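Trainee: If you follow the hints, you should be able to join the two separate chains into one complex; please do so.
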Amino acid sequence: MEIKFKYLLITFLILVNTIAGFSQNTKPDGWYQFRGPNRDGISTESLSGINWSETKPELVWKKELGSGFAELTISDGIIYTMTSEIVDSITGFEYVAAFDENTGNELWRSQVDSIYFDVDGWGNGSRSTPIIDENQIYSFSGHGKLSANSLKDGTLNWQIDFVEEFGTTTPRWGFASSPTIVDDVLIMEVGGTDSRAFMGFNKKDGSINWSSENGNASHDSPLAATIDGKEQIIFANGRKLFSFTSTGDTLWTYNMPFGSLTAIPILIDKNKIFLSGVRTPGFIIIEINGNTATEVLNGNSMKNDFSSCVYRNGYIYGYHVAALRCVSVETGEVSWTKRGFGKGSLIMVDDKLLVLSDKGKLAVVKATPDAYTELISFQAIEGKSWTAPSFNNGKVFVRNLTEMACYNLK
Amino acid sequence: MKQITKYTLTSLLLIVALITNAQTVDEIITRHRNAHGELKKWDQVESMKITGRFTAFSVEDDFFAIKTKDGKYYSELKLGQFDVIEAFNGETGWTIDPWQEFTFPRELNKSEQNVFLQKAEFFTPFYNYKENGCEVELIGKQVVDGIDVYAIKLIRTNGHTETWYLDANTYLEYKRESRWVDFAYGVPAETYFDDFREIDGLIIPFLTEKTFWQRDRVLQIENIEFNVDVDENVFTMPKSAEIEKLAFLIGNWGVRVNAWSGRANRWYKADSTSSTIDYIATNLIQEKISFIDFFVQSNITNFGYSSSESKYFSTTYSGFSSEIMMMNGVFTDSTFVLNNVKIGCDTSQASIQIKATYSNITEDSFTLGIEQSGDNGKSWNPWVQLIYGRMKE
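Sequences listed follow chains C and Y, in order. Note that our numbering has the first sequence beginning at 1263, numbered continuously upward. Note that our numbering has the second sequence beginning at 4, numbered continuously upward.
Pulled out of the complex, with its shape left as it was, chain Y reads as follows (with noise of 0.2 Å):
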């Protein structure tokens, strides 16, 4: 009976240590989430600027940032030789990165936006991490690198895991194991934080160095404002340059359809029609149009432009008869004219030459003029010729 309850007391002891030495997930994030700052000062910071020196192929350069409390990142940064801008409104985002080989902006992919997640965050993803629905699971007590760190596993929302290293003196923040990009292509990334500052008694990490592949960028932050204004244009995504040139084409349009009468040598009335031209993503606009020419003609016309040949590009799809027309060509003098090209990989000039010229621009009106050559373009004769108004609301 002695011996018994001997061990009992051994075993009670054993399991109160336990408890009072292990602290749950939820009290290392309280005392990690207490290192960084008052929580009721964190909540009143809506917005930050950022400014610092950030470091990609060994050459340091002015890094720029902007986050907000809801998620959205606006950042200006030079990568190596090029001038990079990021953006992500919170759900999705947009990048111009000339590493990729063009210069006009492209939506984010999703393991792009997976990253934005994490770099709009205001530093730590436990803040708030149960209102933003992510889930968490110590994993235990390890030694990193000599330091003795609590490793916590954060589960987003979007099923992403991560590893966080917390420090276990401090509860900062040591190390970061999680999914990164490099140039658009998903990488396991290590992430390390240091030099952490006070400022508005608010606890951030200043230096930032990340690690993926060969990959090493520091981010060594200089100056942080808090509860900045800022334009939420810049997360909008912008057109290229070379489509931005097209947007006089955007609008609902009234269209007086003119057919050429070579027997009287003039235009004469054909139909009265409207049209349709909005974008239908960032870097393409597209037509719908029918009309009456003779025949009734139905057509989708979409407009691009392709960086590798510096030229425009647009593809009819004729509804009447079911045929394909490619044109290309350039925007010069505030006219844009296209002609005709063989479809396929070989786009030189189809033997029958049409060209469509986009004339008389203004904010509100333009005139679309469809010539044809029989003689490879030596001289034109005109067909078709559509001129457009704009619609009241």
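Bound conformation, chain C alone (with noise of 0.2 Å):
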């Protein structure tokens, strides 16, 4: 009688704590969002145990891709990422898609915008990379569009225009924020008119939760981070730094020594933030004490461009323009560089970097200051890839503007 009394507490406790579960926001499982679960490039997983000069990587499959930069988000054993398709010179459009994670076949396609034509000729296509939700993905488009689409058939549930709602006028090279999602709260930067720079939405329906400060579109994506014990989104637009709480109130700003960053403001330690951009200085750390912005370091030892870093037991690895470089903290010196990757990207799975050149050479170099080690190299794409990889379930996902394929590691 008594151990039948305890079975039914346990299965009552699961039960509550599964109910309780899913009433929460609970975060998808994978490389869900933009720069990986946390935002901040590294995966969760392991890459340990593998022995090195014995492994040669497997291609589990590579498939053609419409063009776009949208990383590949993962959750499920479903990809999901946006891809174009161009009909003429003047005509294409935009799609957020669904592909098996173990075959990388299509499961369904949904058109949200007309395709974004890039008069430079870097590329065409979305930008942005969407972010996957409990029963949604929320893409953003190259032109502006905010959609958001059944992660089941792509079934197109809402939709907003940010130039045509909020009279945000588009980036030079297109829209390229990525979403991002805070207690429920679907979070943008939308550099609309009016005090509409900075929104959040109801995830559900769209409808405006709230909208905050002034500042154009620019090309970078919110942090979302914990500091103080206090959940943030942080956004790096003009030379500004904005933090805000979910539900929109201001917490701090700071005045920054530059502008239109394009890396993701990364968190190091507990409570500083790494910035970086390509003019000088190249980088700034600063210090949040009590919701005041104090800047501890500077240098120019690290300028990234488009592709972001990412930060492990006091150095930063990341591009200082083209060139690979492990960088202190502390200091803000050089403890290693290494040419040969052009302007590339790099995420960080267990104590591993994994870096893909911008003509689709994929590396695994260790991450430790000491020296650049790598451990392992191949060609995984061809042609130019400025999208970071994607790592889930001990395989890492690239794609370009053509393709993408995915390979098992271990």
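In case anyone wonders, no lab produced these hints; they're calculated from the structure. Because the structure is a prediction, the values reported are computed rather than measured. A hint or two may mislead.
[Claimed, not checked] Partial chain Y-side listing against chain C, Cβ under 7 Å, derived:
id	residue
1	61
2	62
3	148
4	151
5	208
6	211
7	214
8	217
9	219
We treat Cβ as the ideally placed atom computed from N, Cα and C, and that holds for glycine.
Mentor: This is the structure in structure tokens:
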């Protein structure tokens, strides 16, 4: 009788816990948003126990994919990303699309906008990475349409045209900011008129929760992080840094010595933020104490263009323009520099950097300040590759403007 | 006394040690030049043809360049979506760079000339730096990207300075800091040299990576041929295709001036004169002519082409009335027709219309007919006719 009661109690507790879990904002598993689970370019998976000298990466699949720069977001065995189709020199469409993680086969696609044609020839299609939520995927087109599609079959549930609705001016090279979700609020850099630079939307129906501040749409994506126990969304817009709660209250602002950042702000330690751009100074590190931001370091040893860094144990790893570097966040000194990756991208899995060159060469490199130590490298994909890799279930996923591929590293 | 001797000896030893360890800038440069191969072999190189792959904006494409010993340079490359041509004769040069939003050739500015001095070199400026009038200073031994290097300041004859970092072990160049250009605007740049290979006993960096602002340019050489035939014409700046169509105007001309008699309804000879028409700039042609059409007319006419409006323009300055007449028009079917326009930003048609038609164009002659219209171009009345015949040399 006592045993039976014990089992009943455990079952009841599990049930309650499960129901409570579902009623809260359950974050999806996997590489479900821009820069991975925590928007920091770091996978929560492991790459340990691999004998790299004997490892040969296995191509799981390679598929054609329309033009676009969106990362491949992955959850529950499905890849979601943005793709496009060109009809003729002035006509085409942007899609949010789903693919089977194991085969790369397309499951569905849904048209969300006309294609963004890049006048400078950098590449057409969406620049923003969608975010996967419980039932919907949220995407942002190159022309500035925020869309919510059903994860199941791609049905378009709602859509907002930022240019039409909020008077947003399309930035040169198109809209590029990637959405984030905090406390069930879908948060976007909008760049609209009348204090609608940043906005929170009801993710279910797209209705407006809040809007705040003035500023144009940029190419940067917001960081969502917990600092001093407060979950906050941090935007780098123009020459200013803004921190908001998920309800749109301003926590703090900071005037940066540079502007027009493209690389996402990075949380280092518990209350410091690393910001980098291609001008001088190349980077700053600010410390947040009691809603006050103070610069603690700046330097020119890291100048990010469009590619974001990763942080590990006191060191930033990233692209100083076109040179891969490891830089101390204490001193700003360069630990090592490696050329040859062009203006590539990188993520981190465990204590390994997954470095993708701008021509599709993928290298696994030790994330250590001691020296540049390459464990393995191979040509993963051909041609201009400006989109950072994604990592899920032990596999690395890469894309460029014409195709995507999946490799098993183990 | 013993102690003094001890100190003297120690000091002497230190000095000797410093002398033997410290190299002069000339010694370092000599080693640097030797690291690039035998000097007498370099002396035999008159020209080189380079083919390879050039990467800009992360896109790789073919690259072709010619360099000559006397500092000339010509290259064809792809910069993003556009084909770019560059040429330098050792002092001045030209480029066709559609990134500047026009496709006709233009002259290099001063900042670009300094860049092309660098591009034209056979890889190292220290090869004949003294003969070329350059000065050098040893900055010292440093560590760059974990590599021991000698930093040397190079001062060119144009006053521009560069810092070269030579690998302290190989004496080959590792890095250069110099002025470069981004869309014709002067910017600081860093250049890195790698993949040194031997060809015919000469050591050459096959990989060059250059960064300036956020730009990244990589040249991977695939092949080098020495002492190739060089077509000197490539260093001469070509005219724009549109201005080239007006080449028939160029020359020294004898000109018969006919005036129209409305009463007699025929042309009558008003004057015989001469005219000189020549390029005053690559894309600008000028005519100077004086003739009598009742009054003495002394005119200077400039011909140009507006790529933004896809039309030819002419401005005629009258030495008789001190007025300016502007015309625009097109060249079609071997006939060049210009109509007068209002002067100013508004180039709509003027109320009194004048039309200049260049026709009967041959190698040695053409006819300029000038007509007037009082009804907005519905009907035209002949006014003056100038028949040009090329004067013998």
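Trainee: Okay, which hints does this one fail, numbers in order?
Mentor: Numbers 4, 5, 6, in rising order.
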